[in-house]
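Model the full assembly from the supplied sequences, consistent with the hints where possible.
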Amino acid sequence: MLIKQLSVFVENKKGRMAEITQAIADAGVDIRALSIADTSDFGILRLIVNKPDDAIKALKEAGLTVSLTDVIAVGVEDKPGAFAKAVKVLSDNNLSIEYMYAFISRSNDQAFVILRVEDPQSAVAALQKKGFEILDTDSIYNL
Amino acid sequence: MGNYFSPWVECASRETMREMQSRRLADMIRRCYEHVPFYRERLDQAGIAPQDIRSVDDLSKLPFTYKQDLRDTYPYGLFAVPKDRLARIQASSGTTGKMTVVGYTRRDIDDWAEDAARAITAAGGTKEDYVHVSYGYGLFTGGLGLHYGAERLGATAIPVSSGNTKRQIDILRDFGSNILCCTPSYAMYIGETLHEMGVDPASINLRAGIFGAEPWSIEMRLEIEKLLQIKAYDIYGLSEVMGPGVSFECEEQTGMHINEDKYITEIIDPDTGEVLPEGSQGELVFTCIRKEALPLIRYRTRDIASLSRAKCSCGRTLIKMSKPCGRTDDMLIIRGINVFPSQIESVLLDLNLVTPNYLLVVDRVDNLDTLEVQVEMTGEMFSDTVRNMENIEKRIRSALLSALGLAAKVTLVEPKTIARSEGKAQRIQDNRTL
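First to last, the sequence lines map onto chains F and D.
For the first sequence, position 81 matches number 81 in the working numbering, and the numbering has no gaps at all.
For the second sequence, position 255 matches number 255 in the working numbering, and the numbering has no gaps at all.
Calculated from the structure, these hints are not laboratory results.
Wrong hints could be hidden among the right ones.
Each computed DSS-like pair below joins lysine-lysine, with the alpha-carbon atoms no more than 27 Å apart [said to hold, decoys possible]: (1) Lys13/F <-> Lys231/D; (2) Lys127/D <-> Lys61/D; (3) Lys416/D <-> Lys60/F; (4) Lys394/D <-> Lys14/F; (5) Lys409/D <-> Lys14/F.
Shown next, in the form of C-alpha cells:
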C-alpha cells in the first residue's frame with residue numbers, strides 16, 4: 001500500500017527546474033503529482049510518476065541527486081470536511097505527518113492526498129479502519 | 001624625522017648593526033646546539049659545528065626551519081630553556097587542528113614589548129597617548145603584543161579586545177583613545193559604524209592606527225584614513241618569530257622597518273632555497289638571534305616580499321620589507337584568522353558526511369570577511385526532508401566553527417558542479433580585492 005515517491009535535490013540555480021522536467025519528459029515519463037519544498041538555498045522536488053525507475057535512471061544520467069521515499073496516497077471525498085476527518089484520524093492515533101500535498105483526479109470525484117508519515121503501516125491501518133481508501137501503485141499510475 | 005623608541009639601534013650604522021648581528025648569531029647557534037636536541041641533530045647532519053658560525057656571512061650555511069618542524073615537535077620540542085624560565089606560552093592556529101605553540105622568557109617578553117613600542121612610536125605614539133587595543137587577547141599574539149608595547153612605551157593601554165562595536169565606539173569617544181590597534185578590516189567596520197551612528201570622526205581623539213594581521217591595500221588604507229580621520233600604519237609579525245612588531249611602518253610609509261637587531265632577514269627562492277639579492281621578491285626568512293625560549297634558525301614564513309636598504313626619510317637605518325604580497329602555500333587570512341583549506345578538508349572528512357569536493361568562497365561584505373563553504377551533495381547525504389538537509393548544513397557549520405573559530409555559511413551544491421582539475425584542486429575562490 002506504499003507508493004514510491006521520487007525526491008530530487010534542486011540547487012537554487014537558474015534553469016535547474018527546466019533541466020529536471022526536461023529529463024523526465026525525454027524519458028517518456030508522466031508526472032502524476034508533484035510538490036516542491038523550498039529553502040533559500042535549495043529545494044526538494046517530490047514527484048509521483050508512472051515509471052519511477054525510468055525517471056530515476058534519466059535523472060541520474062543528467063547528474064542529479066535523486067532518492068526514493070515511501071509515501072501513502074489517501075483517497076478523500078471531494079467535499080468540505082472530508083480531509084479534516086482524515087487528518088483527525090492520524091492525530092488521534094498519534095501519527096505525525098512529515099509533509100503532504102494533494103491533487104484531484106479526472107476519473108471520479110475524489111481528491112488524493114500524498115502523505116509522508118512517520119509510521120506508514122500504522123497510518124494505513126488507522127485510515128482504512130475509518131473507511132478511507134488507500135490507493136495502491138497501479139491505481140495511482142492509472143488515474 | 002620623528003621620535004625613535006630605541007634610537008641607538010634604529011639609527012645605527014650598518015657596521016654597528018652587522019657586528020651586533022654577528023655576535024648575536026654566533027651566540028644563538030651555540031645555544032641552539034647545546035639546548036635544542038632537534039637543532040643539534042640538524043646541525044650535526046649538515047656537518048656544522050657552532051664555532052663555524054662567526055658572522056652574518058655564515059648564515060646561508062645553516063639549515064632552514066619549517067612550520068612542519070614546529071608541528072612535529074608540538075608542543076614544546078623546540079624550546080631552548082627549561083620550564084622554570086618560561087614566562088609565557090602563546091599559540092596560533094595550525095593545520096589539522098594542531099596549534100603552533102610558542103614560548104617566551106621574561107627577557108623575550110621585554111624584547112617583544114620593545115619591538116611593539118618602536119612600532120607605536122613610529123606611528124607617532126608617545127607617553128601621553130591612550131592606546132586602544134582591539135586585537136584579540138588570549139593565546140593569539142595580537143592583543144598582548146600591542147598591549148605590552150604600549151605599557152613599555154609609557155603610554156596608557158586600554159585592553160578592549162575585539163567585538164562589540166558599539167562599545168568600542170563608546171570607549172573611543174569617552175576614554176579618549178588616541179591610537180587604535182586592530183585588523184584593517186575591523187578598522188573599516190568601526191569607521192562605517194561611526195558614520196552610521198552619526199558620530200563625527202573629528203569629535204573623537206583618534207590620531208593614528210596601527211593595523212595588521214591580514215593583508216590590506218593602499219585603497220583600504222586611504223578609506224580607513226578618510227573614515228576615521230587618522231593616519232594608518234602597517235605592522236607585521238608572526239608568533240613563531242615573536243609577534244606583532246617584527247616590522248613596522250614609519251611616517252614615510254614605503255615599507256616596514258624590521259627590528260634586525262633581533263631578526264636577521266633573508267629573501268629566498270622558495271623552490272631552490274637560494275638567497276636572493278636585495279630588491280628581489282621571494283620568501284621571507286627570519287633568524288631569531290636574540291630570543292631565548294624559541295630561537296628559530298632561518299624560519300621560512302611562506303610570506304612573499306622583498307627587502308630594501310634604500311635611505312629612509314625617517315632617519316632609521318633598519319632594513320625595510322615590502323608589504324607581504326602573497327603566500328607560498330594556500331593559507332587564507334579571514335577576519336584575522338589563519339585558515340588552511342586542508343583544515344576544512346579534515347573537518348569535512350571527519351564528519352563522514354560529505355565528499356572532499358568543496359570550494360571555499362571568500363568575500364568581503366560590508367567590510368567584514370565572509371566565508372562560504374560549498375560542499376557537493378552525494379546520494380547518501382540526500383534526505384527527502386528539508387529538516388534533515390538543514391541539519392546536515394548545521395552540523396557542518398558547527399564543526400567548522402569549533403575547528404576554525406570561524407562562522408562559515410554552508411551551501412550544499414549538486415554533484416559534479418565543483419570544478420575538477422588535474423593535479424592540485426583549486427579549492428579557493430577569493431573574491432576580495434585587497
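Hint by hint, where does the structure go against what was stated? Just the numbers, ascending. 1 and 2
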